[in-house]
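Participant: What follows is the residue order along each chain.
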Amino acid sequence: MAKILIPTPLRQYAEKNNSVEVSGSTVGEALANLTTQFPDLRKNLYNDEGKLRSFVNVYVNDEDIRYLQKDATAIADGDTISIVPSIAGGRS
Amino acid sequence: MLTQEEISRYSRHLIMPEVGVAGQEKLKAAKVLLIGTGGLGAPVAMYLAAAGVGTIGLVDFDVVDVSNLQRQVIHGTKDIGKKKIDSAEETMRDINPLIKIIKHEVALSSANALEILKDYDIIADGTDNFPTRFLINDACVLLNKPNVYASIFRFEGQATIFAAEGGPCYRCLYPEPPPPGLVPSCAEGGVLGILPGVVGLLQATEVVKLILGAGEPLIGRLLLYDALAMKFRELKLRKNPECLCATGQVKLIDYEQFCGIPKQPEPPPMSAEISPKEVKALIDAKENFVLIDVREPHEFQIGRIPTSTLIPLGDLPKKVAELDPSAHYVLHCKMGGRSAKGCDVLRQAGFKNVRNMTGGISAWSDQVDPSVPKY
Ligand SMILES: [Zn+2]
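So the sequences go chain by chain: A and B. For the first sequence, position 40 matches number 351 in this note's numbering, and the numbering has no gaps at all. For the second sequence, position 164 matches number 165 in this note's numbering, and the numbering has no gaps at all.
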């Protein structure tokens, strides 16, 4: 089981959870399990072609999966997966 | 060289070996541009002023609103309705009269960004929307200037330094902005008032470290702060070899379009002024428009145009939120001066159809209805 940290803007699509334990041996599997559990998350994480949206990054521990094996990045028990969307707030 | 006055003021810096006289002189020589004087910009501006950063530029075009005061501590209740850069300057001057403050009262755009940023050493991005954040990134990449970045949402913050020598840029992290509607903005999402204080000071800390050349700058690291959990986390940020910054293809573009924000349909060409006779014709034709009298209540009692609504100029910024930005407006005062300012307030709030009645109620009395007394 790996822990997925859900960022504040997306918690509304995950029944307000800030973290969810999921099974899966790769990042892709873990995220698929997550979006099966919370279908509303899907369109916020993936585009119509099923690719991870370019304003959302996924990290295993502190490393960006774009520089690992992307969706195929292996995960071990106790790993933490972070979903980090861009946020813009600050002036208003 | 530090003056006697500066030596006294900065003595707590001077006795620290990590700063000392040499460091304080670096701070004095530094030129830092703060984009946005709101939630993040407020603490950054106040502390950098206090620390003795010699030249601080401010970019903002907003007016202080009562709803800002929950977090924008550089502005006070007395500043409601004032321009944010004026209010910020006043607070900073009070904190430290020895520094230079340069005000840029503009909305940063592709047309003016390079010209404004080029004279500064470090840029601090404290804005609130994706188009401006991409614009600042691209301008910093082009000019080779570090962008000390922070953003906030509800009770979470992110901070890092983009576009430093050899380091990643904002596009390396996020090649594209979210399409409108997918990620809630701060205005919809809200923000814990204390949060920009914490995150803004992370930004200010990194600015000071860059100036001093001290410590380990937050380059190639994305710092995440969760106020509810009271946790800081750090993620690795890499320079993306496919990013525009690595392939040398950065150029300033239309960022609204890039962010999928539809262009506002151009309003029919309309001059900024309208004569009293034309206003009378609109009233007689029962045209749909709002006539706002921006004079004071005691002047309103002296004489008024029957269909007008009284909103004194000083109250206008507070009332803007209650007005429909898509409606047509004509503003008038006694002579036309105050209402011209009122028109600017509405236009800055995004109102498109705003006109000033030339010559005010005085001209109305001359040209339309002499029974309205002149005073
Ligand atoms: Zn880049």
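Do not take every clue at face value.
Stated by the list, open to error - Pairs of lysine-lysine residues, derived as DSS-like cross-links and limited to a Cα-Cα distance of at most 30 Å, are as follows:
(1) B:Lys240 - A:Lys362
(2) B:Lys146 - B:Lys104
(3) A:Lys314 - B:Lys27
(4) B:Lys342 - B:Lys84
(5) A:Lys354 - B:Lys375
(6) A:Lys381 - B:Lys252
(7) B:Lys342 - B:Lys232
What the hints assert, rightly or not - Label-pair distances were calculated between CB atoms; the ranges are:
(8) B:Pro263 - A:Ser365: 13 to 23 Å
(9) A:Gln348 - B:Gly21: 51 to 61 Å
(10) B:Glu6 - A:Gln380: 55 to 65 Å
Everything labelled a hint here was simulated from the structure, so no lab data went into it. Where a beta carbon is used, it is the ideal one built from N, C-alpha and C, also for glycine.
Participant: All hints, please: hold or fail.
Facilitator: Status of each hint after checking the structure:
no., hint, in the structure
1, B:Lys240 - A:Lys362, "holds (21 Å)"
2, B:Lys146 - B:Lys104, "holds (20 Å)"
3, A:Lys314 - B:Lys27, "violated (45 Å)"
4, B:Lys342 - B:Lys84, "holds (12 Å)"
5, A:Lys354 - B:Lys375, "violated (63 Å)"
6, A:Lys381 - B:Lys252, "holds (29 Å)"
7, B:Lys342 - B:Lys232, "violated (46 Å)"
8, B:Pro263 - A:Ser365: 13 to 23 Å, "holds (20 Å)"
9, A:Gln348 - B:Gly21: 51 to 61 Å, "holds (57 Å)"
10, B:Glu6 - A:Gln380: 55 to 65 Å, "holds (60 Å)"
When the structure is compared with the earlier hints, violations turn up for hints 3, 5, 7 and for no others.
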